[in-house]
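Undergrad: Listed below, chain by chain, are the residues.
4 protein chains.
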Amino acid sequence: MPGNSIGNFFRLTTFGESHGSAIGGIIDGCPAGIVWDEKFIQSELNRRKPGTNQASSPRQEPDQIEIISGIFEGKTSGQPIAFLIRNLDQKSEDYKQSEHLVRPGHADYTWKQRYGLFDPRGGGRASARETAARVAAGAIAKLYLKKFDVFFSAYVSAIGPIELPETEKTWHSPQAIDADPLRCPHRETSLKMQELLAKSISERDTVGGIVRCYIRNCPPGLGSPVFNKLQSALAYAMMSIPAAKGFEYGEGFSAARMKGSEHNDVPEWKNGKIHFLTHHAGGILGGISTGDDIIFNVAFKPVSSIGQPQTTISYKGEPAIWQPGGRHDITVVTRAIPIVEAMAALVIADQLIEWFSLGNQFSNNHSV
Amino acid sequence: MPGNSIGNFFRLTTFGESHGSAIGGIIDGCPAGIVWDEKFIQSELNRRKPGTNQASSPRQEPDQIEIISGIFEGKTSGQPIAFLIRNLDQKSEDYKQSEHLVRPGHADYTWKQRYGLFDPRGGGRASARETAARVAAGAIAKLYLKKFDVFFSAYVSAIGPIELPETEKTWHSPQAIDADPLRCPHRETSLKMQELLAKSISERDTVGGIVRCYIRNCPPGLGSPVFNKLQSALAYAMMSIPAAKGFEYGEGFSAARMKGSEHNDVPEWKNGKIHFLTHHAGGILGGISTGDDIIFNVAFKPVSSIGQPQTTISYKGEPAIWQPGGRHDITVVTRAIPIVEAMAALVIADQLIEWFSLGNQFSNNHSV
Amino acid sequence: MPGNSIGNFFRLTTFGESHGSAIGGIIDGCPAGIVWDEKFIQSELNRRKPGTNQASSPRQEPDQIEIISGIFEGKTSGQPIAFLIRNLDQKSEDYKQSEHLVRPGHADYTWKQRYGLFDPRGGGRASARETAARVAAGAIAKLYLKKFDVFFSAYVSAIGPIELPETEKTWHSPQAIDADPLRCPHRETSLKMQELLAKSISERDTVGGIVRCYIRNCPPGLGSPVFNKLQSALAYAMMSIPAAKGFEYGEGFSAARMKGSEHNDVPEWKNGKIHFLTHHAGGILGGISTGDDIIFNVAFKPVSSIGQPQTTISYKGEPAIWQPGGRHDITVVTRAIPIVEAMAALVIADQLIEWFSLGNQFSNNHSV
Amino acid sequence: MPGNSIGNFFRLTTFGESHGSAIGGIIDGCPAGIVWDEKFIQSELNRRKPGTNQASSPRQEPDQIEIISGIFEGKTSGQPIAFLIRNLDQKSEDYKQSEHLVRPGHADYTWKQRYGLFDPRGGGRASARETAARVAAGAIAKLYLKKFDVFFSAYVSAIGPIELPETEKTWHSPQAIDADPLRCPHRETSLKMQELLAKSISERDTVGGIVRCYIRNCPPGLGSPVFNKLQSALAYAMMSIPAAKGFEYGEGFSAARMKGSEHNDVPEWKNGKIHFLTHHAGGILGGISTGDDIIFNVAFKPVSSIGQPQTTISYKGEPAIWQPGGRHDITVVTRAIPIVEAMAALVIADQLIEWFSLGNQFSNNHSV
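Chains as they are written, first to last, in our numbering: chain A, 1 to 368; chain B, 1 to 368; chain C, 1 to 368; chain D, 1 to 368.
For reference, chain A alone in the conformation it holds in the complex:
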């Protein structure tokens, strides 16, 4: 199965290069009858747009979504939903100089190896521009999930060495998060991050970071062991985001340092249902959601295109210096927030539809 589709039931296929006429996607499998809200989709796309804070590329794209199919009289029709986002602010000449160079940290070399050619204009298909299609599709998944009151809240929990205090690594409302220019929901930490970014800009360097995401109100029972476990599907989706380097859920890598007596979450009985007193498991046990918040982190590397000249070689092996032109972000994490949420929404929509396929119903699923 070629690599540009994700999801077995609620399936997204994307297309488009950074400097082609448009990028876009098709969602096949979106149930019929979902109330259509194009403003919401556009607002999600706007959250991803560059140019909204100091950390992001000055490329200016309206990122206006154009819906081609799948909507009838204000509702989804059950047919494929195709959408386009036109590319307008293309500056291909920026990329001419580097065509023969192995650009450090970039995909050019490996894509050339796989496909025998590489479109150097803005990174072509390897550009993070393709994530706009993910955000649009994720917004459609969110529309579907709204019906079940499932929602998402991701925020920046670290930029470079600046991290949220442990006590703040908790649920934050999407409103509080979006109110911060870096989408870090703790003002004090955000200010330190802003300082760090200012320093990075002056050093013509870039920084990595960590996104933390909560998924609220999933029914228990999502996930399809033994391979398509909920955490497998989430890890797959997150690791496909450009620049992502790590995924962990619940205690994640910290769990490696814990004892069983510390890590096991103790169950409690509340309102006739089973919940857990602590959340080390991150809302997933045995590959299946517990009904509590699903919690995970995604680590992102620093942006590869830095403002300094870098030693490299040409494809023929000659020594060379690469100094990126083009327009680039200082860190990806702030713009990654809607992308992480979108990928999470695509995974949950997919798993929820599978869960329905087993004959499960919402009304009676929260007790055994």
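Treat the hints as calculated values from the structure; they're not laboratory data.
Keep in mind that a hint or two might mislead.
Same chains, same label: a pair holds when it works inside one copy or across any pair of copies.
Derived PhoX-like pairs (lysine-lysine); straight-line CA-CA distance at most 20 Å [said to hold, decoys possible]:
| id | residue 1 | residue 2 |
| --- | --- | --- |
| 1 | Lys49 | Lys39 |
| 2 | Lys39 | Lys147 |
| 3 | Lys112 | Lys75 |
| 4 | Lys75 | Lys147 |
| 5 | Lys270 | Lys112 |
| 6 | Lys75 | Lys39 |
| 7 | Lys259 | Lys199 |
| 8 | Lys259 | Lys192 |
| 9 | Lys112 | Lys316 |
| 10 | Lys273 | Lys112 |
| 11 | Lys39 | Lys146 |
| 12 | Lys316 | Lys273 |
| 13 | Lys316 | Lys270 |
Start from chain A and add chains B, C and D according to the hints.
TA: Frame of chain A, contents of chains B, C and D only:
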């Protein structure tokens, strides 16, 4: 697509419960003509067997593989390879007492939610016993990959707070690794880990840990962007292993704290091919292998079945105490080594076959 | 995706060669809680067994099913159901003489081309023996579908030039069908067919035939346009049966000779639901079931292994004569009845689960 | 997996309604480096366009293809190829009157059952207009297959009761076929068909027909038993074409009336390769191509929208008369020619890529 299959080309489907008559699997898509080596498969299964060191369960299973199909005159025939591993040492009575309890850290609750029932005998299908089928299948994938000289080396890099020194987090030979009782290739660290495990046993507790894995000699070009990237497929496979809580490749979560100028690997020209001076990327750029070693870590939580009584509730909400009977490991990481390698082998076999489907050939793939 | 799996939701993967130790399969995706009835599965297998009438091979296999997994306390557990059927009556020496010959009408040549080798013992994986696994799996699908009162009725409608009269090409009860030695539900026609078979035996020749199948009580709404239409899925499944040469539904090829005014089925209102006065469409419109009987035909070629010597060549091009040893059927259609039903049941189970995934429910689906 | 994708390797996903802004598709998995020929794609689309002969709808669409992605410097880039075909000549008002009626022979009723709603404008997604996307995608598959000299030749072999003489049911060149207004390569038969169509028009009725297709130069070895056999994949693809009612390959339904001694094709040795003296098998044995011409027939029903008033009911069960407005074909078979070829090309491209994945190469595949 139901969850018990993995791989699009070299596809494994597994079956079987911990206390049924057998577990096993089918590999569909294994190319014809691979020289069959059942001893090798058995030796891989033996590496996973419990009872070989202080950290592991005393359950004794011969784990003898029985091949049902797909082999003809000493070679794979291109037809499905089905195999069985009989369950012999079953003690179902051990599990009777806990049937009505929500066992902390276990899958019982969530599986009941999903399927409406749960086989409590040894965790049924949720038991880590199913990983024996993964190891057998991974051994078949390794047989296929041997032809291309691709091989795997995973080791224990941390147990609880005891970690390998940074300088030792490098390639180690499989021989050196298997020579250590904990599969930690640094004697000094291994001894500290053994002390920690002795302490855990005396405390009737368990500990987590980290496995680090190297894949050597992959051709550049493996991975299918934008979703089925090599790291996505690896993350998916690793996160499906019981008790896995996190996946990272290259610098992983550490990349979040790095600058672009530090993280970018500088290319060099060696023997007419492109390599990299450093390995922060972990052998994957833009979702596609570079041809250098692929490097990743997997974090495992402490075993949930601890020797102490634990506070819990019954499925009806009554307070209860759970004290596991059964036979359990103190930490999973030592036995996880062949499992991590097996899952990696399954992913690489799958990606390699896809890479062939594009018309790629080994002879000329290492230069642009 | 390798070729030994069928179904997206209710997925069967099969394995095994004619003269290996066993054949078998895994069903992944069978919902939990289905009441298990192994006697029924065995009775379906018995319907397929050779040696029950004049048309069939004298090979004697008990075809005893062995269930390995997926059943707990008398019900399906939602986990993969693996099963084995041991091969006992193998006579491999029968096949030695033909190993170097291109056997007319057989798969040897093409399988050698694809896989580079071919297991000549009883046709290996290409033998119709693999259909026993289909029948077992189909019986499990039927167990699932019984819950919804969906059932199947296939019969022999033609052997060679002897055809059922048009007036008899209608629904017949499974009991009436199985009461006839050829599974032709019209005594007069069956007697003519028996004469024809007697003649074929005396001529050391074989004959083709046609199977007609009805599926009753499917809800309207099954089928997933625009590609995975219900007729596409049925055609795919039927054409995968060894010796099948054609598939048609409703009027099928006869529709080509009809006018629109004759072919269109006129709807009527009955018991508050929409039905159709005629059934030219075969119960499917626009790729989706109407709720009326689904009706289709499958054509089978004459058995390739005839009792006469046949002119052929060796793989090196030398002229040769092939005279099959082994044990073979005169016609496949009588034994094909449970196979056609099994494949239909697998398709309908698959489509029904997908239909549930869209949120459809049985209670309210029969009116708009 | 939702139903709007076809192919495992060379995968087409389509979208769009008859009266939306556009229809289109994405091909994912097209190998890189295929020389792009947009004129050829447009010429294939032109072959499908309505309004070119007496049998077809007067709807006038330029059917101009717009390529969005996947092409770089005149070649395919290995990335998804997305394309649009705008809808221009929409007359939605034509369809208003029938919205509440069950239109005989149409998909409205079943689609409403499945999705809870139906877009009545031109049949929405159920309209044959979606086949334009198939033809465009098939043209891209043909571009890929040209490299291997695989090509297709389909023609009209029957319209209503008028059939090609048996001696003419043989290979005909695409040029000879397209030279005939009905794409029937035998002038005498075509004239009779034209008379029949004239009569149908005068009677305000429609007629069915049969398309016969040849695929030339496939290597032996295509097809993936035991389920994804070449004939299964072809049957699936053909049966998904609107109005298709039957599929057969080689002798097809006629094989049911034949003896084994007649049906078996005798092999011969020619130019150091194995061929067959007759072609009853239709170029496929055991689910795998032989290397000889692949031959199949597809039956199409008469167009459901006839010019006469028809008795029907409303969705509430009230008696009604339906008289279609809109613009419709008298028979679909002439316009179905490029569609049948397109679907065949998609199947062969898919199978060929899988065949490469097994390590097969063109140079040495024609001998054992």
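Undergrad: Does the structure break any of the earlier hints, and which numbers would those be?
TA: As far as the earlier hints go, not one is violated by this structure.
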